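> Given next are the chains, with one letter for each unit.
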Amino acid sequence: MALVYEFIWRVLHALLHLQRTLVTWFRSHLWKWNGRLWKRAVAALLVPMALGFTNHKKIAPTTGKRVGRRFRFGADGKALEKLPLHIGLLIAEEDPRYLDIANLVVWCMAVGISYVSVYDNQGVFKRNNSRLMEEILKQQQEQLGADGSKYSVEFLSNGSNKQDHQALSCQAVVKVLSPDDGRQGIVEAAQKLCRAVEQRERAIKDIDVNVLDSLLRESKNTPDPDLLLKFGSVQSTLGFLPWHIRLTELISLPTHVNISYEDLLGALQSFASCEQRFGK
Amino acid sequence: MSWIREGELNLIERISANVLKAGPIPKHVAIIMDGNRRYARKRHVERHEGHSQGFEKLAETLRWCLQLDIREVTVYAFSIENFKRSKEEVDGLMELAKQKFTRLLDEQENLEKHGVCIRVLGDLTLLPLDLQEGIAKAVVATKTHNRCFLNVCFAYTSRHEIAGAVREMAWGVEQGMIRPSDVSEDLLSQCLYSSNSPNPDLLIRTSGEVRLSDFLLWQTSYSCLVFQSVLWPEYSFWNLCEAIIQYQLNHRSLQKAREHHRESQALQQLEADRSCVAELLQHHGNGTPVDAQSRQEALRSYTASREERVRHFLGALQHKRDTFFTDLCSPAVVA
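Sequences listed follow chains E and Z, in order.
With UniProt numbering, letter number 99 in the first sequence gets 99, and the count goes up by one each step, no holes.
With UniProt numbering, letter number 199 in the second sequence gets 199, and the count goes up by one each step, no holes.
Calculated from the structure, these hints are not laboratory results.
Please note that the accuracy of each hint is not assured.
[Unchecked claim] Derived list of chain Z stretches under chain E, where covered just means 3 residues or more per stretch with a C-beta under 8 Å from a C-beta of chain E:
| hint | region |
| --- | --- |
| 1 | 3-10 |
| 2 | 29-37 |
| 3 | 216-224 |
| 4 | 234-242 |
| 5 | 247-261 |
Note that the coordinates shown come from a computational prediction; the quantities given were computed from them, not determined experimentally.
Glycine included, each C-beta is placed from N, C-alpha and C at the ideal position.
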């Protein structure tokens, strides 16, 4: 009997895996194939709407596709009931594609999100930080044109607090995170507090949630992420900033490969429709 | 109204359970039982009715878990944030909890039969004293049972738990049991309320919310998260099966991610030990170069002494926690 059960289980799981793979494949390939048509249709719908929201004077001197898109981004951001202040992008897939991730980051900045964190649990992005950075700057130029320069990008990595970019008008902060910033970050804060207790600089009873929170925030200087977008079929946060995701909405997309702006917008829309109750 | 609900699965459920059991089954499932109040609103009944229906469902779910060979369940019963609710509702929930924990003592025989160990995770000092005593009695009475485990998170938030663990480690440092450099991911895990449990393999949240809401943030870093839209009092055996299928589909990739994490953790520990040894050698070596072999030897003895310190500290911590419960059970000591 046990053999029969095992056989049924195997068949069931083979089917489920197949279904999942097909869904992912369709999403990433059909977009490419059908994407132009789709994008044009969506753009046709969105651009007139976008113009309604933006200042007409601005659009007068410049024309062309690029401008239309740019206004669309900003207007989409405004059209949403609420926008995350800090978005986390969790790439839970093998072989990340830098182009797609750079696009995501640029779109996030363009709709008006102030903090973007990119994370993977193997530390791939942290090791290839400069490559990702270059790609983002390139895509920024391409997608936002000359105007993109006002979206200055600040890159933070390896826990170092390089603030040299602060002088620029900072509109978006892009961070690359790895598991070292997660549990390990809490451990480092704990060590700091223990040392303070050892030196008699701090009393044990003073250590509470607020002290730890400000210590963990100090090194990052960022609000907690309010949205975590996860790409890939693994249903887990894979060690993404455990302390900070207390109230984060977790939204999942099957893959980041060939991701489109409309996919991101859809996720932002479902975020906007969520209601938070804070324990009440 | 009891904690353990007797009952059998019907034929189709039994067959499905057996099929599921042919695959990997989560050892530890964590549940955020959300939706009691929405259920009450939907059914036009009082809020407290929704809460007690929720408790009924917990008893039923525990039975399904046993039938599916899931040995440990952790539930989010009451968050510290929930104290913000109306006084009436909070009082009602405290009353319900008191009732259930007293009831539990009447059912001791039944619990013993199934070998159910009940643990309560949270900052109990925030609760009324009579409830604290009720909880302590239940915990102490079932302490030795080891066939299955039910962890009830009460007056709990994960950040509070982590901050508490840091406080315990600081206590250890102050008492001279450990050094600040001994603080590691592993040690912090051991100082959490959940130190006696493995990390949950599967986390289920009902009623369609897609947040962790300050529940087991540290412990579920590499768990399979399943969000289901059903309201908790309407949860069914099939919902549980669906969650387990999700876990099974994720099993291999999660296993891999955990393995990767374990390796990098071990590496980090080795690095930390190395730098401590280097510092020690610099202090005592008077500038004379140290050869590789004695360096290796020093590293080995340092690691052994660190492990010994940590073991001693964890023993003291466990003793402190046990005493808290036994003291609550004997009112003479409290008075």
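> If you count the residues of the region 234-242 of chain Z with a beta-carbon closer than 8 Å to a beta-carbon of chain E, do you get 3 or more?
violated (count 0)
> Taking 8 Å as the C-beta cutoff, is the stated coverage of the region 3-10 of chain Z by chain E satisfied by three or more residues?
It is violated, with 0 qualifying residues against the three required.
> How does the region 29-37 of chain Z fare against chain E when you require at least three residues with a CB closer than 8 Å, holds or violated?
As far as the region 29-37 of chain Z goes, the hint is violated, because 0 residues have Cβ atoms under 8 Å from chain E.
> For the region 247-261 of chain Z, count the residues whose Cβ lies under 8 Å from any Cβ of chain E; is that count three or more?
Per the Cβ count (8), the hint holds.
> Are there three or more residues in the region 216-224 of chain Z whose C-beta lies within less than 8 Å of some C-beta in chain E?
holds (count 7)
Checked against the numbered hints above, the structure breaks hints 1, 2, 4 and satisfies the rest.
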